[in-house]
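Enquirer: Here's the letter readout for the chains.
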Amino acid sequence: MGKRSKNKSIGVAVSVVLASTSLLAACTSTKDGGTASPKPSATPAAEAGKYPVSTTETLTSWEQINTNLTTFVPNLADSPFGKQLEKETGIKVKYSHPADGQSKEQFNLLIASNNLTDVIEYDWNNSYPGGPEKAVSDKVIVPLNELIDKHAPNLKKLLQQDKELDKMLKTDSGKYYVFPMIRPDNGLVFRGPMIRKDWLDELQLPVPTTIDEWYTVLKAFKEKKNASAPFTAQYTNELNIQDAFIGAFKTANRYYIDDQGKVKYGPIDPQFKDALTLLRKWYQEGLIDRDFALNTDSKSLDNKMLSSASGATVGLLSGGMGRWMDSGKKQDPKFQLVAAPYPTLKKGERAFIGQRDFKFNPAASKAVTAAAKNPELAVKWLDYAYSEKGALLFNFGIEGESYTMENGKPTFADKITKDPKYNLQQMVSQYTKPNGPFLGDSRKSFNTYKEQDEAIQIWEQTDAGKHVMPMFITPTVEESKEVAKINTAISSYKEEMFVKFIMGKEPIDKFDEYVQRIKTMGSDKVVKIYQDAYDRYNKR
Amino acid sequence: MTVMNQEALTSPIGNKKPRALGLLLDIRKNKLLYVMLLPVLLYYTVFHYAPMYGAIIAFKDYSPRLGILGSDWVGFEHFETFFTGAYFWRTIKNTILISFYELIFGFPAPVILALLLNEVKHSLFKRTVQTVTYMPHFISLVVICGIVKDFTSREGIINDLMAWFGAERSTFLLEPEFFRTVYVSSGIWQHIGWGTIIYLAALTGIDPEQYEAARMDGAGRWKQMLHVTIPGIMPTIVILLILETGRMMNVGFEKIILLYNPGTYETADVVSSYVYRVGLQDFNYSFSSAVGLFNSAVNFTLLVFSNWLSRKLNDTSLW
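Chains A and B supply the protein sequences, listed in that same order.
Just add 708 to wherever you are in the first sequence, counting from 1, and you've got our numbering.
Just add 6 to wherever you are in the second sequence, counting from 1, and you've got our numbering.
Wrong hints could be hidden among the right ones.
Here are the simulated distance ranges between beta carbons [stated by the list, open to error]:
id: 1; chain 1: B; residue 1: H143; chain 2: A; residue 2: K1123; range: 47 to 53 Å
id: 2; chain 1: A; residue 1: K1218; chain 2: B; residue 2: E183; range: 36 to 42 Å
id: 3; chain 1: A; residue 1: E765; chain 2: B; residue 2: A61; range: 53 to 59 Å
id: 4; chain 1: B; residue 1: N256; chain 2: A; residue 2: D1010; range: 33 to 39 Å
If you are wondering where the hints come from, they were derived from the structure by calculation, not from laboratory data.
Built from N, CA and C at the ideal position, the CB exists for glycine as well.
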């Protein structure tokens, strides 16, 4: 950009200047872009861990904004939370938010245009091609080891106390690259099968636990309750029945880890054929939503769940179950959803896989970019979220306003829980950050119904811990490139065939051909790469 | 505009003088005209030609951090990946088929509507029809696709109608065999009114005396349309057709992406939507620009070819 002023003095027509400078900028940025090293800050570094920091600098942050919050304000800085965070840390932050539903494209553009903000909150493990190692070697983000060591005492303490967390946060070469979102113990399981209990009671059926029982129930829903789509699910490239019905066949709809600790690609397992056969049969009998492939947004799912077109789904704890109970009970006081255990083939078996996340959630973690003018300040700002006071703010908001301390236990105030107009999720979004890099607090619960508390306990009863592949294993740069190249073709083809097999547009006999094709596309290579990365992870 | 400039530029070439000299003389003669041309030239240079240098990333292993010039050369690797890829023929076939149907059904639609409107003498009715038909043109594509989804859904109006006639309900957007029909017909619905405007304008340019003469010769409404109206707007039709052919490979990816799903990839996945999935979503910029470049090359060839063909056949052409 330094070239711009020189060019202006030449005094040609404005458009010419614009054209040539943008060209020049494009050329020169490649040269100094690579060597740009963070300059030492002008303001003297305050003592680590002391807040508020006295600084006149402003940080910039790119992060998604909670859609609930956008009901009230367009920018996080304008929310009570944003203002309070600024007050407590003493650091002013300018936030930019991608439009809802377009964060992936906008993140990619951000990287491609090289217009980086100081910190970026995104899934650096799975959305940056090549993963964190590549992001660091591309000089898009900076390794945080030294910065954490010197300026982030709170996170450092956590890492020293919790070796498992420490292992999750490092790359194989030992680099820290994000400030993590750390889930509390009770926040690891939040999705599973759920079913209309009021219907079950009316039909005198128990909550189904096996595939056969599910069949009976769905059939009854269809015949006796006139449900047009007894089972439905939101379809976002991975049909959400993924864990539930496919897991019963001891496989998964993606890469997973088998009992021997080997990485496998579920969709080409022989058992997967059985799972497909089942889903196809259910589809043909009208037990599965005939339009499932079109349920790409939550709106159509809401409609079906609330209009009694569907009586069962696999969904989220608060965003699904809680929300539907709220609206459902308004129409019909008897409306009741309960969690069903992840189904198995034989009664009494423990489910092979289910939803279970890890303590570290890479999807909402913040990295410091190479463009940060004052990375130390950014790190100080981020570290606040792991301090005792900071964690309270991120989890519960402002004391006396959004929560009160009762016997040392923070409790949301009536203002939050009993708002006549807005629901809990919406109110809470103004005072806290529901997702993001901070230390989650197990005392925080959004459950408003006892069914939700029970749901966590029911959905927890799986062997998912053993079988879910961690999202933060770190293949090398070369490996990641290879994976990216192969996986796009595979997942595109798998998805197409998955829908076709279930809808009966492709005979199930073609399964072997389909497996063969995926193998020629290179699935074995990907399995090998993931296996190596997983082994390295275990050895960290 | 471009047609006129072209004429201004090429007219002196007919003289015996050498080209460069002729151009210089012409510039001296028509100084003001050339000054008026400047902003246009500048616009094209800055916004259309300058960015073209970015197309070289098709031959490189582009990494944003290294920049366009700093990335490594890889030659034709990305083109090879595309040509040998599993989806090459399918995306090409889908692109061509959708464009072809749009050309066959979509292109004549506004012409027919314009001809029909031309015969309407009741001006209020005519205006109402025009307003109603060009309204959808102004609705955002996202909304249009939402409407299309609602209309074609299992409980939608089209199924209601079909069920009324005793047909079985189906979800059109889940059936690969219906995708092109839905795509093309919704396109016609959206753009038919807008498309008629240019033809209606061309219609006003036809000399009324021709109609009188035709009537004197005993031509009825039908014959008048056949022998006066249609030949009168033929040059407009041909020019628009040539332009349309040049866009053959450019099926808009927005609409495809808003309407397709894995179940209909088979017929719906076109080059641009494939490029979008692979390129923008998976960060493969070099690959997608290679495909884009290939696409433009095909477009360019088609345009030149159809222009040549049209000049041969009926003396109307862009250049």
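Enquirer: None of the hints should be skipped; say for each whether it holds.
Expert: Now the hints, each set against the structure:
no.: 1; hint: B:H143 <-> A:K1123: 47 to 53 Å; verdict: 48 Å, holds
no.: 2; hint: A:K1218 <-> B:E183: 36 to 42 Å; verdict: 18 Å, violated
no.: 3; hint: A:E765 <-> B:A61: 53 to 59 Å; verdict: 40 Å, violated
no.: 4; hint: B:N256 <-> A:D1010: 33 to 39 Å; verdict: 36 Å, holds
The structure fails to meet hints 2, 3 from the earlier list, while all remaining hints are met.
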